[in-house]
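A.B. asks: One-letter residues, chain by chain:
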Amino acid sequence: MSVEKLTIAKAINASLRTALETDPKVLIMGEDVGKLGGVFRVTDGLQKDFGEDRVIDTPLAESGIVGTAIGMALRGYRPVVEIQFDGFVFPAYDQIVTQLAKMHARALGKIKLPVVIRIPYGGAIGAVEHHSESPESLFAHVAGLKIVSPSNSADAYWMMQQAIQSDDPVIYFEPKRRYHDRSEVDTAAIPGPLHAARTVREGTDLTLVAYGPMVKTCLEAAAAAAEEGKSLEVVDLRSISPIDFDAIQRSVEKTRRLVVVHEAPVFFGSGAEIAARITERCFYHLEAPVLRVGGYHAPYPPSRLEDEYLPGLDRVLDSVDRALAY
Amino acid sequence: MTVDSTAARKSRRSGGKRAVAKKATGEPELVQLLTPEGERVEHPDYSIDLSPEELRGLYRDMVLTRRFDGEATTLQRQGELGLWASLLGQEAAQIGSGRATRDDDYVFPTYREHGVAWCRGVDPTNLLGMFRGVNHGGWDPNENNFHLYTIVIGSQALHATGYAMGVAKDGADSAVIAYFGDGASSQGDVAEAFTFAAVYNAPVVFFCQNNQWAISEPTEKQTRVPLYQRAQGYGFPGVRVDGNDVLAVLAVTKAALDRARTGEGPMLIEAFTYRMGAHTTSDDPTRYRRDEERELWEAKDPILRLRAHLEREGLADEAFFAGLETESDALAKRVRDTVRAMPDPDHMAMFEHTYADGHALVDEERAQFAAYQASFAEETN
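First to last, the sequence lines map onto chains A and B. Counting from 69, one number per residue, gives the positions in the first sequence under the working numbering. Counting from 10, one number per residue, gives the positions in the second sequence under the working numbering.
If you are wondering where the hints come from, they were derived from the structure by calculation, not from laboratory data. Think of the CB as a built atom: it goes at the ideal place given N, C-alpha and C, for glycine as much as any other residue. Incorrect hints may appear among the rest.
Unchecked claim - Stretches of chain B that chain A covers, calculated by requiring three or more beta carbons in the stretch to come under 8 Å of a beta carbon on chain A:
| id | stretch |
| --- | --- |
| 1 | 148 to 156 |
| 2 | 166 to 172 |
| 3 | 175 to 188 |
| 4 | 203 to 209 |
What the hints assert, rightly or not - For lysine-lysine, the following DSSO-like pairs were computed, each having C-alpha atoms within a straight-line distance of at most 30 Å:
| id | chain 1 | residue 1 | chain 2 | residue 2 |
| --- | --- | --- | --- | --- |
| 5 | A | 170 | A | 93 |
| 6 | B | 178 | A | 178 |
| 7 | A | 103 | B | 178 |
| 8 | A | 93 | B | 178 |
Unchecked claim - Quick list of the computed label-pair ranges, beta carbon to beta carbon:
| id | chain 1 | residue 1 | chain 2 | residue 2 | range |
| --- | --- | --- | --- | --- | --- |
| 9 | A | 166 | B | 381 | 24 to 32 Å |
| 10 | B | 298 | A | 166 | 28 to 36 Å |
| 11 | B | 149 | A | 336 | 32 to 40 Å |
| 12 | A | 70 | B | 182 | 37 to 45 Å |
| 13 | A | 166 | B | 307 | 30 to 38 Å |
| 14 | B | 149 | A | 252 | 41 to 49 Å |
| 15 | B | 149 | A | 70 | 38 to 46 Å |
| 16 | B | 151 | A | 92 | 18 to 26 Å |
| 17 | B | 375 | A | 370 | 44 to 52 Å |
| 18 | B | 308 | A | 104 | 57 to 65 Å |
| 19 | A | 104 | B | 151 | 32 to 40 Å |
| 20 | A | 252 | B | 354 | 46 to 54 Å |
Can you make the complete structure from the sequences, with help from the hints?
C.D. replies: Following this line, the structure appears as structure tokens:
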């Protein structure tokens, strides 16, 4: 059976397993990824089946993990490294931004860096500090990196396959609050392009653009709005670098209104880039300014406050109403 | 060439004790096989036996490297290069270690390893593109197993360690060498590289050129123990070698590489040397160090020392030295001519190779920029 209902976590696990089976150059590296199977069990069972030589428990040093992964990629390997939590990536930020992103260009294309960096990200899990952040914009600003985030199990499986096959460094942001959401995965399917957006709900009055954990929130918002007679289209961006602006443009030319939703802070977030470019592309189609819903310009709050900090159904619908009021 | 590589193994068996052994003077032990006066001396742990031809070869390497380096400094002064990081004074550390590597070994340099590049067969003119500003390196690292220069201090120690972990996975008997300096020894990436290399027993040699100065900061601003002693805390051997003694550097590096390739893991070499010139052409060392210090090190010059040995032992004649002078002049002229003829890159080059598999935004911006450029062409027509 190639079609199975899997959680997002299990779909990533299955995808890593497939990659380890089909390409001897694929390696898994990270803190606790081996015997424990990762703190979220995403790599569960992989070390048992593929050995410590290919599923590598590393010292607790994120710069070391990414820096040595670069060296292994130079040797011809395809490392898939795990950063245990979003807020732990910054010790590796220098290696990612200064080395990983630029090395292909510095060598005028003569070397390739097929490194995948998995980062469980986002909030709403009641965690302590540094375990709930959404740092994707801090990487999207850097040329040389590609950034994706799946919202469902099928994408989790196939986007991981494609990320590993990519000859460019890919940061794969995993929506940790959705790890246990279950949906169908067809492991025999022919996937679409990695960096193409997908319309996950058709509508005519307004477009919601989201990715990762916020896609489900936006689908719920669209369902709620439908009960009030408002027809919202939901576009799952899937890729944050590059962004499929053509897909957003097509949708906005139809609906004439756009709200962008992400957990990351609004200020300098991906919504700002989308708003600027869609305003330029769709200036004569827009009936309202592009609105953004996201985190505030404050440190990610203690978990008892995160429901207020994160965009939820009501805040999305509030922005929908504001956009429709123009 | 024969090198006794048992020394490093011995020091490993002794749990690194040898690394902290001190001479009666209280100074840290320094492996030396050739005195500043050019006299061959023996060392209990490291020995080397080179033919006259091999000795002349090392001398030639150092002379040509110094000449190339000096020419590059001159080209910077003439405005042909934006910057140059001179290796003046570090020729023995670089030629000795570079000549210790095998073709299948892999080298991860900083931005000052012009002598190592020479040993690896990288054409000197290839090093100059980044200093002229026409590229950021651009040579094919896999052609000579010589990675691109790394400017951010210490980052390459991790790349070398990861590469070495890959070598071990492949079951190959190659070794990897990571170059860095006394300043880089303070970087977290170097500490993490030591940790990873030790934990995975990676076949990597950490080659620290302690040239006494990190721009204006003396080594005392980086450490309160001799740098080679850091290895002990990570569980692999460290040794300090006279970095101005090409024979000692060759012997010690060869032993460390052989040790790595036979599965005995990493080793730290501290080549004790001196940066005779400025940090780069933008630096002014008169603001932070005294001429007397430089004069002390001039007496230990790596090239004069080997020349004294060649002359003392009658291993090279006047014709050899004269021929080398001619060869140096020819190299300098070739470097000069090549740099002056080095074209600026095409305007569109900045978009190239940002990604291996392409990126929609790069495509869009490239097209916009091309159209913008073309608009000027139309105006002038």
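A.B. asks: If a hint holds in the structure, say so; if it doesn't, say that too.
C.D. replies: Here's how the hints hold up against the structure:
1. 148 to 156: holds (count 5)
2. 166 to 172: Holds, because 7 residues of the stretch 166 to 172 of chain B bring their Cβ atoms closer than 8 Å to Cβ atoms of chain A.
3. 175 to 188: Our answer is that it holds, as 4 residues pass the Cβ test (under 8 Å) against chain A, meeting three.
4. 203 to 209: holds (count 3)
5. 170(A) / 93(A): holds (22 Å)
6. 178(B) / 178(A): Holds, at about 23 Å.
7. 103(A) / 178(B): holds (20 Å)
8. 93(A) / 178(B): Holds: residue 93(A) and residue 178(B) sit about 10 Å apart, inside 30 Å.
9. 166(A) / 381(B): 24 to 32 Å: holds (29 Å)
10. 298(B) / 166(A): 28 to 36 Å: Given about 30 Å between the Cβ atoms, the range holds.
11. 149(B) / 336(A): 32 to 40 Å: Roughly 37 Å apart at Cβ, these two residues keep to the hinted range, so it holds.
12. 70(A) / 182(B): 37 to 45 Å: holds (43 Å)
13. 166(A) / 307(B): 30 to 38 Å: holds (37 Å)
14. 149(B) / 252(A): 41 to 49 Å: Holds - the Cβ-Cβ distance for residue 149(B) and residue 252(A), about 45 Å, lies within 41 to 49 Å.
15. 149(B) / 70(A): 38 to 46 Å: With a Cβ separation near 42 Å, residue 149(B) and residue 70(A) satisfy 38 to 46 Å, so the hint holds.
16. 151(B) / 92(A): 18 to 26 Å: Holds, at about 20 Å.
17. 375(B) / 370(A): 44 to 52 Å: With Cβ atoms ~46 Å apart, the hint holds.
18. 308(B) / 104(A): 57 to 65 Å: holds (59 Å)
19. 104(A) / 151(B): 32 to 40 Å: holds (36 Å)
20. 252(A) / 354(B): 46 to 54 Å: With Cβ atoms ~50 Å apart, the hint holds.
Violated hints are absent here; each numbered hint is respected by the structure.
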